[in-house]
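Given chain A, work out where chain B should sit, using these hints.
There are 2 protein chains.
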Amino acid sequence: MRRYGVYTKSDGFSFFCQNVSMFDMKLSQRIKNTPESPIRKLEPAARSAKARGIKIYHLNIGQPDIKTPNQMVSWLKKTNIHHLAYTESQGNRQLIKSIVKYYHQLGAKDITEDNVIITAGGSEAIQWCFFSICEIGDEVMVFEPFYTNVEGYARMADVKLVPVTCKIENGFHLPSNQVIKSKITKKTKAVYLSNPNNPTGTYYSPSEVKRLYQLCLKNNLYLIVDEVYRDFIYQKVKLSTALNFEKKSQKGRMIIVDSFSKRYSLCGIRVGFMVSRNKELIQNVLKFGQARLAVGDLDQQIAGRMDQVPPDYLKKVKKEYQERREVIYQGLKKIPGAVFTKPEGAFYYVTKLPVGDADKFCEWLLTSFHHNQETVMLAPANGFYLSKGKGKEEVRIAYVIKKSGLRKAMVMLKLAVEKWNRE
Amino acid sequence: MRRYGVYTKSDGFSFFCQNVSMFDMKLSQRIKNTPESPIRKLEPAARSAKARGIKIYHLNIGQPDIKTPNQMVSWLKKTNIHHLAYTESQGNRQLIKSIVKYYHQLGAKDITEDNVIITAGGSEAIQWCFFSICEIGDEVMVFEPFYTNVEGYARMADVKLVPVTCKIENGFHLPSNQVIKSKITKKTKAVYLSNPNNPTGTYYSPSEVKRLYQLCLKNNLYLIVDEVYRDFIYQKVKLSTALNFEKKSQKGRMIIVDSFSKRYSLCGIRVGFMVSRNKELIQNVLKFGQARLAVGDLDQQIAGRMDQVPPDYLKKVKKEYQERREVIYQGLKKIPGAVFTKPEGAFYYVTKLPVGDADKFCEWLLTSFHHNQETVMLAPANGFYLSKGKGKEEVRIAYVIKKSGLRKAMVMLKLAVEKWNRE
Chain A
1 MRRYGVYTKS DGFSFFCQNV SMFDMKLSQR IKNTPESPIR KLEPAARSAK ARGIKIYHLN
61 IGQPDIKTPN QMVSWLKKTN IHHLAYTESQ GNRQLIKSIV KYYHQLGAKD ITEDNVIITA
121 GGSEAIQWCF FSICEIGDEV MVFEPFYTNV EGYARMADVK LVPVTCKIEN GFHLPSNQVI
181 KSKITKKTKA VYLSNPNNPT GTYYSPSEVK RLYQLCLKNN LYLIVDEVYR DFIYQKVKLS
241 TALNFEKKSQ KGRMIIVDSF SKRYSLCGIR VGFMVSRNKE LIQNVLKFGQ ARLAVGDLDQ
301 QIAGRMDQVP PDYLKKVKKE YQERREVIYQ GLKKIPGAVF TKPEGAFYYV TKLPVGDADK
361 FCEWLLTSFH HNQETVMLAP ANGFYLSKGK GKEEVRIAYV IKKSGLRKAM VMLKLAVEKW
421 NRE
Chain B
1 MRRYGVYTKS DGFSFFCQNV SMFDMKLSQR IKNTPESPIR KLEPAARSAK ARGIKIYHLN
61 IGQPDIKTPN QMVSWLKKTN IHHLAYTESQ GNRQLIKSIV KYYHQLGAKD ITEDNVIITA
121 GGSEAIQWCF FSICEIGDEV MVFEPFYTNV EGYARMADVK LVPVTCKIEN GFHLPSNQVI
181 KSKITKKTKA VYLSNPNNPT GTYYSPSEVK RLYQLCLKNN LYLIVDEVYR DFIYQKVKLS
241 TALNFEKKSQ KGRMIIVDSF SKRYSLCGIR VGFMVSRNKE LIQNVLKFGQ ARLAVGDLDQ
301 QIAGRMDQVP PDYLKKVKKE YQERREVIYQ GLKKIPGAVF TKPEGAFYYV TKLPVGDADK
361 FCEWLLTSFH HNQETVMLAP ANGFYLSKGK GKEEVRIAYV IKKSGLRKAM VMLKLAVEKW
421 NRE
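Chains as they are written, first to last, in this note's numbering: chain A, 1 to 423; chain B, 1 to 423.
Result set (DSSO-like, lysine-lysine): computed pairs, CA atoms no more than 27 Å apart in a straight line:
(1) B:K186 / A:K32
(2) B:K26 / A:K186
(3) A:K50 / B:K97
(4) B:K26 / A:K248
(5) B:K316 / B:K97
(6) B:K32 / A:K189
(7) B:K414 / B:K333
(8) A:K279 / A:K101
(9) B:K279 / A:K50
Source of the hints: derived by calculation from the structure; they are not laboratory data.
With the rest of the complex left out, here is chain A:
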């Protein structure tokens, strides 16, 4: 242990302070290893562009502009708040009951309140998955490009993420069993799948998910399925959950991560949940829940109005996203050299652009490019890969603004790619 300065009683407190101005306050290796969010790292450049009077079309972040259902928020106008109290650590009881009912509608009719715990966003559910099933040094498989915020939690939990690379050419669908199996080691504890996928928009079909689940069964792995984009699939499929592929006798290999953020345009309430047939898991994560006491009361009350939202709401939202997806598609078709497929779900594209280094290109869009005082903000996709060098030419495009704005943004992007390649 290093000591700076020698303290004797006669020195006095203030003398001591003056003489110990150098010290060695190290931060932990795990926080140093935690990456910055690839989605948010360009924020300083964006702020400075705005300061220069540039208007930015934000296609970089999964923050939709869709209206929240009135049914969920209008009650706030009528409420008289005396004080706001902790809720149960497991979550607001009414909300849990509504979630159980919802999962019954999805087909998982055996789900009860004991299978559900409310979390501070889907993020907390992901965090708890790692801490509850992995020892230090254990491995979790992800399909890259993957939802990178998972990495922050993996670093916290000292869990190693093992990437299986998916390919842009086949719309980032799952590779063969052989490829997946080759990445399973004795340390592998779980597979994480986001379906529909953030960042790629890929919707993995029931047969793909079943195939993966079988692999998990055979190799004694948990399957974590993040279904926060469940409602946004642009083909004719029945609304469902991966839980329907798990037999009731298989008590607990599957863990569903879910959230209200995207479904009801409620990113600003931090309410997600974990659903699993593994009641022992839910009981145990409740201890983490007790440590953080509770999730926000008002936020849970907002989410708890899910029953009151007419089914029409999500139909309209889905139609809107579907049209936006088409706008991006038409825009990308006009950029020579762009590589992409039309994603089946969520509200993202991962696209290869002929720009050499997408990281630099995305920064340049903010620092050096504008068209009539406007520019586009994208997320460079290399941050969604763990394998070094992968995704270097790719970007994630989020279609979270109105079609008119998307159209302008796509024209601008085409101009920008041309200018970038000229310069």
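Below, chain B without anything else, positioned relative to chain A:
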């Protein structure tokens, strides 16, 4: 890796599922080692008492019944919500500015926005402290009885909590430097102090905190000071923060954990914050902040109205608590054999009751005792100790209900102790 059942393609998915009903889905050692909240573990017994028609006076949990300032919540009636969006990961900018201003008022005039990060309750700030400054196996010193939710995060972070025992006879004040120093090892990274203290109500004087800070300086340790009960000190002292004991040249040994939950009776909003002169620390924990995206928008907007609350509000609240403290004091004086001092702060007493086993006594209060269909719920204090066998006869009493209720509860407690000792 164990495998259950052998899958061949011809078996089919459903056959396979039926034949793999036994498997080995282990949970991690760290979640198994995480304790249940000692404050919440009697909840099932309480629920069942209520089901039998028993009215319970809840003195077990730090959930005040005080009215939230109107200024913080009345605006909700006027707001038109289009959608609720993610805020900045560091927190709502207006709220951060208000906190900076507040810390200037507390005396720490050099604090800037870069020294602050908003967290999901004080709890998240504690969690981030462990993950950002400790490696696996490092040690953090706590003064027992201590705020046990800290242990949940220590287990998560694989950090060992090392207890220094404080004594009921001297109001749980800090022991001598010699005692404290004897617990410092090469693995010690930080000292955690809650001031005023939960669960004991002890207010550590400036000279006590300075003494501890000097020890931290000499031993190159972080000092984490949890000041969420800062406003509730029942002696004439100027509102202050431990940050005032840190010279500006000492950039970053001290980390303040703070929260709105107790100050404004806002436990149900999950908004706390971390303040430190160590900007590198704040910059780095922001990466954890990005992983969980943001804190609730509405909750931060509520907290952000702190500027509008008249200073009178906290004066009145403090007076109310002070009177409640007196009710408990008078009640305890009437219980022969009870050991206690009048705590200087927060809204708790830790008291030794002549009941042999306080754990069993507290359970019995809910399962087998009632007086005119009413009973009292207390938190057994052994859960606030790490040292085995300590605090066996102690309970935590939270004075978070009205004086009339407290008076009844204290009469009931006296009767209960008598009955318990007769039976």
